[in-house]
Each structure stands twice: as C-alpha cells, then as structure tokens.
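Novice: These are the residues of each chain, in order.
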Amino acid sequence: MHKFANPARFLKLARPLTAWLGWVGCGLILLALGAGLFVVPADYLQGDSVRIMYVHVPAAWLGMGGWTGIAIASLMQIVWRHPLATVAARAIAVPGALFTAICLVTGSLWGRPTWGTYWEWDGRMTSMLVLLFLYVAYIALDDADRERGGEGRISAIFGLLGAINIPIIHYSVLWWNTLHQGQSISFVRGTSTIDVSMLWPVLVAAIGFSCLFGAIVLMRMRTILARQKIEARLRRMAA
Amino acid sequence: MNHWPFIIGSYALTILGTLGVTAWSYAAMKRAERDAEALRRDK
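Going down the list, the sequences are from chains A and B. Residues in the first sequence are numbered from 36 upward in steps of one, following my numbering. Residues in the second sequence are numbered from 853 upward in steps of one, following my numbering.
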C-alpha cells in the first residue's frame with residue numbers, strides 16, 4: 036500500500052484504471068437495469084415494485100461501502116500518515132452521500148406501494164438517514180478544515196467515529212422489529228432468499244455501480260491532486 | 853395501485869444522479885489537469 040504513497044506512481048495506475056472501471060461499470064449497469072425493467076418476472080407478493088430493488092440495493096451498498104472506505108482511509112491517515120489517504124477519503128464523501136440519498140429516496144418510493152407509506156421511523160431507515168447526515172457533516176467539516184490549512188486529522192477522526200453507524204445499519208433489521216425486510220443476501224454464509232431469476236441482476240448491478248463508483252472516486256482523487264499541484268506551484272512562484 | 857410511476861421515478865433519479873456526479877467529476881478532473889499542465893508549461 037505504501038508503494039502508492041507516491042502520487043506520480045498512483046497517477047500512472049489511476050489514469051488507465053479510471054476509463055476501464057467507468058466503461059465496465061456503465062456496461063454492467065445497463066445490462067442489470069435493462070434486465071431489472073424488462074426481463075425479471077414480477078414478484079408474487081410485491082408485484083412490479085420489486086424492480087426498484089435493482090437501483091435501491093446497489094445504492095445502499097455503496098452508501099455503506101463509501102463510509103467504510105472513508106473509515107479505512109482515515110485509519111491509514113492517522114496511523115501511517117499515508118499522503119493519499121486524505122485525498123481518497125475526500126474523494127469518496129460526495130459520491131457516498133449521493134448514493135445514500137438515492138438509497139433513501141428509492142426506498143421511500145418502494146415503501147409506498149409495498150408498505151402503504153413513504154416513511155417510517157424504524158431502525159434501518161433511521162440509521163440510513165443518520166448516515167446521510169454523517170456524510171453532510173463530514174463534507175462540511177473537511178471543507179472547513181481545508182480552508183484553515185489543516186491536514187485533515189479532524190475529519191479523519193470523525194470518519195473513524197462515524198463508522199460506528201455501519202454495523203448499526205447492517206444489524207438494525209436483526210436487533211429491532213422493523214418494517215424493513217430482514218437480510219435477503221448473506222455474503223458470509225453465501226446464501227440468499229431471493230430466487231436466482233431475480234438475484235443475478237442485483238449482483239450485476241452491484242458490481243457495475245461499484246466499478247463506476249471506483250471510477251468517480253479516482254476522477255475526484257485526480258482532481259484533488261492536480262489542484263494541490265497548482266497550489267504548490269503558485270506558492271513557489273509567489274515566494 | 854399502479855407501481856410503474858414509482859419504478860420509473862426510482863430509475864430516473866438513480867440514472868440522473870449517477871450521470872450527474874460522473875459528468876461533474878469528469879469535467880472537474882479534466883479542468884484541473886489541464887490547468888496543472890498549462891502551469892507546468894508556463895514555468
């Protein structure tokens with residue numbers, strides 16, 4: 036990991052990887068969403084509204100995965116002072132917040148025809164809303180810290196503390212009797228309660244959105260590194 | 853209840869949001885890298 040502490044070495048890898056992840060992600064998303072809309076059968080209980088699963092589940096995974104990424108990058112920054120860790124955490128925050136918001140809205144739109152309500156203050160929905168607030172607070176804190184010339188240590192501590200919410204979201208459907216359905220897919224046990232005919236587009240969509248999320252993060256990291264280069268050069272020219 | 857308005861709304865929001873953040877990130881990256889390169893040449 037320390038091999039990529041050198042931004043020049045990181046950029047050499049990031050440039051081809053950005054395009055590769057972006058195009059593969061777009062292809063897989065098109066395939067999964069096309070299947071979700073036109074190929075997959077309607078659910079015997081939920082009817083056609085089950086098709087919302089193909090955008091809602093990947094968005095939920097990316098919202099939670101994004102904060103997990105911020106927590107790992109924050110730990111790397113605090114423990115090893117990895118120079119790219121701060122850049123990575125900053126780059127993840129905005130797309131992570133966006134996918135968390137998409138998860139909340141699509142979940143709400145799925146809830147209306149399924150549960151008869153757009154919103155319920157149950158464990159899963161409330162903890163996911165808390166995650167969105169954490170993202171917004173992280174972005175604001177990081178912006179303020181950067182304006183004051185900070186090294187991002189305050190936002191790194193916040194990123195680590197906020198990770199407490201991730202297991203709360205994950206286990207909320209087990210800990211509390213919620214309106215939200217229980218866990219349908221377990222990667223640990225390798226089991227799923229969803230039929231294969233409806234499951235494969237979820238997995239393809241999750242991989243596709245993850246690839247595109249990776250490309251977006253790399254683009255944002257490249258932007259931050261280029262801006263840092265400009266600022267450093269302007270400071271040298273002014274001196 | 854007709855489910856399709858909810859489905860179309862969910863897909864439209866996801867696609868527009870994803871395309872929006874991708875386009876914004878791409879444009880910002882290109883602009884920043886172009887400015888950095890121009891500054892390096894002016895040196």
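Hints were generated in silico from the structure; no laboratory data involved. Please note that the accuracy of each hint is not assured.
[Stated by the list, open to error] Some, not all, of what chain A presents toward chain B, calculated at C-beta under 7 Å:
id : residue
1  : Arg86
2  : Val90
3  : Leu139
4  : Leu144
5  : Gly146
6  : Ile201
7  : Ile203
8  : Arg224
Ideal placement from N, C-alpha and C gives every residue a C-beta, glycine not left out.
Novice: Indicate, hint by hint, whether the structure satisfies it.
Specialist: Checked hints:
Residue-level restraint check for Arg86/A holds (minimum Cβ-Cβ distance to chain B is 5 Å; threshold 7 Å). The beta carbon of Val90/A is positioned within 7 Å of a beta carbon in chain B (closest approach about 4 Å), and the interface hint is therefore held. Residue-level restraint check for Leu139/A is violated (minimum Cβ-Cβ distance to chain B is 11 Å; threshold 7 Å). Look at Leu144/A: its Cβ gets to within about 5 Å of chain B, closer than 7 Å, so that hint holds up.
With a least beta-carbon distance of about 9 Å to chain B, the hint placing Gly146/A at the interface is violated under the 7 Å criterion. Hint on Ile201/A is violated. Least Cβ distance to chain B is approximately 22 Å, over the 7 Å limit. For Ile203/A, the interface hint is violated, the least distance from its beta-carbon to any beta-carbon of chain B being 25 Å, above 7 Å. Among the interface hints, the one on Arg224/A is violated; its C-beta lies about 28 Å from the nearest C-beta in chain B, farther than the 7 Å criterion.
Going through the hint list in order, the structure does not satisfy hints 3, 5, 6, 7, 8.
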